[in-house]
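K.L.:
Let the hints inform the model, and build the full structure from the sequences given.
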Amino acid sequence: MSFLRIPFKYRLLMPMGLILLAIMIFPLGYSLAISLQDYELSRIGQERFIGLDNYIRLFSNSSFWTAMGNTITFVVLAVGLELVLGFFLALLLHNKATFMRGFFRSTLLTPMFITPIAVGLMFRFLLNSQLGVIPTALEAIGLRVNWFGPDLALFSIVLIDVWQWTPFMLLLLLAGLESLPEDPFEAARVDGAVGWAMVRHITIPLMRPIILAAVIIRMLDAFKVYEYIYAITRGGPGEATESMQYFIYRTGFIYFRAGEAAAMSFTLIIVITLLVALLFTVLRRESA
Amino acid sequence: MKHTLRKFVTRLATFLILVLGLLVVFFPYFWTFLTSIKDPAAINRPLDFSFTPTAMHWQAVIRAGIPRQALNSFLVGMITVTIALAAGAPAAYAFSRFNVGGAPTRFAVLLAEMLPPSVLIVPLFLLLYHTQVLLGTIWAAVISHLTFILPLVTWFLIGFFDEVPRDLEEQARVDGCSPWQAFVKVVVPTIVPGMAAAGLFGFVLSWNDLFYALILTTGSQRTLPVGVAGYWTFRGVEMGQMSAAILLAILPMILLSFFVQRYLLKGLGGGAITGI
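Heads up: the sequence lines are chains X and R, in that order. All residue numbers for the first sequence refer to the numbering used here, where the first residue is 467 and numbers rise by one. All residue numbers for the second sequence refer to the numbering used here, where the first residue is -15 and numbers rise by one.
One or more hints might be untrue.
[Claimed, not checked] Once the Cα atoms are required to be at most 25 Å apart in a straight line, the calculated PhoX-like pairs of lysine-lysine come out as:
| hint | chain 1 | residue 1 | chain 2 | residue 2 |
| --- | --- | --- | --- | --- |
| 1 | X | Lys562 | R | Lys169 |
| 2 | R | Lys250 | X | Lys562 |
| 3 | R | Lys250 | R | Lys169 |
| 4 | X | Lys475 | R | Lys(-9) |
Because the hints were derived from the structure by calculation, they are not lab data.
P.N.:
Below is the structure:
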């Protein structure tokens, strides 16, 4: 069959399709196959098929579930805070009356453009108990806070994520606000709605699908948290900040247990899919 | 009168909140810069500002691997983005004009971008290992970065193609262009701003990646984030160098962000996020 007999619209898709087939779809299948084998990177060539053993073993791997719990706690707290802060800032920066609006927009958005490993290292230094400026300053007023101790470490990682990614939430919501139709706002204004009443009864209902999309985008991204943990705690103290992405990286590339790492990845995908489906159902029901 | 006062107070409060936000955003940059020009002894005294500025950390970082790593990151970003735009633009056009696969496909493209890298890293590592030559080179980074930048660029461009009026291609077709010619000569020039924004955003993401680059590149082929991650230390001397390295990694992206933000806002509003 000649190339030109393929309909134009499918020809347009072929370059992307072929690339994704080679670097995503085939690797995904390969990964699934690895997850069913006793596969170690330290002895390539000696792998053997063991069915679902890697998955079954995960159920009794308490470190895996600790990492899963940490990651879910992290995602919920970080994305929740980012949504509240981001929405509030988006409203301020959407308002044409805001002084120096353009300046604040471009400066407040900068954190989302820089490499997360640099963000992790900056905050590791800022919050360090001996050398960091924040603990030193707090100590000067009598407060002793151990930011990366067992109690606070995960929360500190959440705050770092909020610093870097609230701007992205802000950008998504701002884009949404700018795309809303003017008419409902005009009508409400004629009816005398101002301030919070306007936000609650007009803006939020109109923004609902965009908020849902923004939350899902940020959530899926937050599940990949890795750099801050690599830069700061390496999963510690104990297992307090062990995240899925970091745990899988360690299992696969420090302990070389590729089979188990692959099984963990697919379990993670299943958990993420369930959470996204749950979110969709809850938010859809509320709007109905 | 009361109304004007209320308006004034609201505006002032808004301004103060935004200034506070600005301080929170800029303090880490400022502090990192300050550390990069302090001598090692002064770094150990965080609240002491009486030090003589020094360029020693910057000089040390520039003599070390950082410039080479920046060049690697630049090349990886450029190659990745070029391939992503060349393959992503026609695909985005197909999704936009011919609605191939409908709305679920648009969402699937987005989901592809969001796939946790941990799922792909093991098979990518093994595939690259079996090629014998690619593992450890910047090409390994390019291949792994395409897994998220190609879907992202495609998803982003769909919104821009949605806004191109159909009359344009129809006119070109009447004038005797083939569908391909109409696409390349008439449609593509109208979305150059969108392609630039998508390309720059993709470049930023590639430049910032640590996870793939840490595992897939080695030696002189390491990218900048891997180099920056190497300053994982707490000795005064190296803290200064770490700060200089961090600034070298983030400043170009902050500057780029000023150019790309406006288009990002437009691109995200034009169906990319509103269309889900």
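K.L.:
Next step is simple, just say for each hint if it's right about the structure.
P.N.:
We went through each hint and held it up to the structure:
no. : hint                   : in the structure
1   : X/Lys562 <-> R/Lys169  : 38 Å, violated
2   : R/Lys250 <-> X/Lys562  : 17 Å, holds
3   : R/Lys250 <-> R/Lys169  : 23 Å, holds
4   : X/Lys475 <-> R/Lys(-9) : 54 Å, violated
Violated hints for the displayed structure, listed by number in ascending order: 1, 4.
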